[in-house]
Amino acid sequence: MPKRTFKIFRFNPETDSKPSYKTYDVECEGWWTVLDALNEIKWFVDGTVTYRRSCRHGICGSCAMMINGKNDLACELQIKTLKGTITVDPLPGFEIYRDLAVNMDPFYAALKRVKPWLINNDPYPSKERIQSPEEFKLMGDSIACILCAACTSSCPSFWSDEQYLGPAALLKAYRYTFDTRDKGLGDRIDALDNKHGLWRCHKITNCYHACPKHLNPTEQISKLQRRIIEEKM
Amino acid sequence: MIHRHDVIIVGAGLAGSRAAVEIGQVADVAVLSKVYPSRSHSGAAQGGIAASLANISKTDRWEYHMFDTVKGSDYLGDQDAIEMMVREAPETVIEMEHWGCPFSRTAEGKIAQRKFGGHTLEFGKEASLRACYSADYTGHVLLHTLHEQCLKHNVNFYSEFQVLSLIFRDNRAIGVVALDMVHGGLHTFYGRAVMFGMGGYGRAFSITSNAHANTGDGLALVSRVGLPVQDMEFVQFHPTGLWKSGILVTEGARGEGGYLLNNEKRRFMEDYAPTLMELAPRDMVARAMQQEIDEGRGINGEDKIFIDVTHLGEAKLMERLPQITELAMNFAGVDPRKEPIPIQPTAHYSMGGIPANANTRVTFDEKRTETVGFYAAGECSCISVHGANRLGTNSLLEALLFGRRSGKQIVEDLPNLEFPTLPADYEDAAREEVDHFKNVSGKEKVGTIRKELQETMMLDCGVFRSEKQLVSQKAKIQELEDRFKHITVDDKSDQFNTDLLEAIELGHLLEFSGAIVEGALARQESRGGHYRKDFPKRDDEKFLKHTLAWRKGANWELTFDKPVMLQGVTHKGFEPMERKY
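Protein chains in written order, with the numbering used here: chain A, 168 to 400; chain B, 1431 to 2011.
Hints were generated in silico from the structure; no laboratory data involved. For every residue, glycine included, the Cβ atom is placed at its ideal position computed from N, Cα and C. Certain hints may be false.
Claimed, not checked - Derived coverage of chain B by chain A (criterion: at least 3 residues anywhere in the stretch with Cβ under 8 Å from a Cβ of chain A; other residues may be distant):
hint	segment
1	1459-1468
2	1759-1765
3	1871-1880
To be verified - Among chain B residues calculated to face chain A with C-beta under 8 Å, some are:
hint	residue
4	K1540
5	I1541
6	D1920
7	D1921
8	D1929
Using the sequences and the accompanying hints, generate a full structural model.
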C-alpha cells in the first residue's frame, strides 16, 4: 500500500492560541478516498482529529472541506487523483469550531431567508399536481443539491459580505421559482432583490468549480436574475 | 441545562421530520439530531417509495401491495400494520407531492413509477411498476422537502446533539439526556411525549451501505431502561453493494433492467428465481450471490459479482440512474456505461427494532401492552411491517407513513398526557457514561474494537449463519465488551469531541449486537433475511413468532411468545405459504 502524507489543519479553541498544521503519514489502499485516510488517522493514530462525516458516499453533504486548495467532499475524492502531500483545510469563509469542523449556522440561516418550501395556496387536488417531464426539467439539477456549502464557502462575494445569501441559498430559490407548481416569487422577492441577494453575484463561477455534484449555481442565478427583471417589468 | 417542550423527537430523518411537521402545527416540538437534519440517512435511499398509485400499472391496488409485503416478509410481518401501510401509502406519497417533492414524471405528468423487487400485480403474476421515484435520489428529495416543511412550520431543531439516555419511569417516557456535540455539556429534554425515529443498526457490520451515524443508538437506549427489542436477528443484506466499500447500488439498477453476472458471464438468477430473476426479493438475491461466490463463481474467484447495466445505454443511465453512474466511477473506478460494476452483499437494513404497534406506541411484552408517552417509527422501530425481509421501496414508505401516523397519534394523545416530573437522578446515567469515557485509561482503542466487531459480525452473523459461527460470535462480543472497559479516549476536550462520540456509539453497537447474535442462535430456522445453514427450512410451528430480547446484566433473555398478526384490519389476511418467485 502506498504511503501518503496528509497535512491537516488543526485548531482546538480550548487548548490552542493559534492554528497549526500537523502531518500524518498514512498507508492508503488504492480505492480510498480522503475520508478513508482521515478515518484511518482518527481511528488508529490520533483520535483528536476532528471533522464531520456521515453517509460517506456523497449524498449527506457533511464532509465538505478544502483539499489541496479546492473545496470538495472528502468522501468522494479519491486519493490516487491527488499528487504529493495532501493538504486538508476547513471550508473557508466560516468560523472554525475545531480543526475541519466549521460553524454552518450562517449558511443555514441564509437558506431559510429564501423561504425554501413550496408556496402555493391553491387547494390541493385529489391526486398529484400534473407536471410534465419538460416542466420538471426546468428545475434542472438544482434538486440534487446536498447543502454541503462547498459553493458558498468558495465564493469571494460571500467572503466580503457575510449577509450575502450565497450560491446554495440562491440555487434553492431557483429550484422553487422554476418549479411550475410554485407561486411564491412575490414572497421571496424581498430576500432576493437586494445587494445582499441576487445582485451580489458577480459571475466569478467559483461555485460551479467547487460543486462536488457538478451543479452550476452561477448559471441558475443568472436565470433567476433574468426572471426577477422580467417580474419587475 | 433543562429544556421543556410538549414533544421531544429524536432523529430528523423521514420518520422524525414527518412527525415534527404534523406536531409543529399545533404544539411545541423539539427535534434532536446527531447530524444536521438534511444529513440524515433517509437521504441516501435511492430507488423509490412504494404506493399503488396505478399511474403506469393501471390495475395495481393496495391488496396486491399487501400480498407482496406479507410474502416478502416471509409471513413474519404483522398484517394489520401492513394493511394500514399499504392503504395509506398513496395519500402519504401524494401529500409529499403537494408539499413540493420533485418526483420524476410520466409522459402525462403524473408521478413516475418503476419496477422493484418483489412488487407484483395479481398476487405474483407479473412485476408491478409501483415505486414512485425521483431519478435515483428519491430519499434525498423526500428528506429535503420534509426538512423544508419543518423550517416553514418553525420546528425547533437541536442539531448535532447526541442522545445518551432515555428517561423512563413507571412505564412512562419522560425525556432524554443529550450531549451538545458542538459546545459540549449535557442537556436534558423532557416533555409530554417522546418519539424515536433514530434509524437502523447497519454499522454493526463491516460491509454496509449505512452511514457512519447509523449505530443503532435507539436500540441501546431502550434496552438500557429495561425495555425489549424485537426481531433483531433479521438484518437485510442488500445484494448490490459496491465491492469493498459496501456503498449502495440501487435496486432500481435491476428494476431498469440490469443483469447480475457470475464469472461465467451467466445470469445465474435463472437458477434461483426463474420468474422474477434479478427482481426477486433482496434476501434471495443476496443468498444466490453469496452462494455463487462461496462456490467459486465470483469474478476472478474473488468475493464479488458483476451488475451489468451497459445495455441500458448512456441516455437512460444518465436520466434514471445518474447517482449510481457517478458512485461507480468514484468508488469502484468503473464507468457503468462501458463496463460491469463489481458488487457484493452489503448490510443494508434493520428489520428488527423497538417493538411498537401501528399507532407507533412502543409496546413492551408479548401481549403488546403499551408504554405511555413513548412512540417509535422508521427503521429503529419494529412495527412490524417488514417481518423477516423488507421489500425495496417499503422503507421510505414505512418511515414517512409511520412518522405521519406517529405525529397524528401524538397530537391526538397530547390532551391526555400531562407534563411528567423529572426524577431526581434524571441525568446520572448520561453523566456517568461521559465521565467514564473521559477518565478511563487503558490500552484498547475504540477503532480496533469496532473493526473487530464489524468484521466478525459480517463473517459469522452475515448472509449465511450456523450454530458454530454464532456461538463463536457470542463469545467474541463478550470478549470485546470486556476489552471495551479498558479503552482510552484520546480527546479530553468538551467542544466537538467526536472521539468521545465514537466511544459512545461503540458502546451502543456492542450492546445490541449481542441481541442480533442471540436471536440468530435461538431462531433455529431460516426465514427471510435470517438463514441458518444447519436449519435451512422455515419452521412455522415453532417460529412464526416475534423474538423479544431483554438485556439482563451482561446477558440477553429471549422469548418467542409474541404471535404474528395474521389478519389485516379489514382484510382476512394471507395464509403462510412457501415463498417462491
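**OP:** Please name the hints from earlier in the document that this structure breaks, with their numbers sorted from lowest to highest.
**Re:** none
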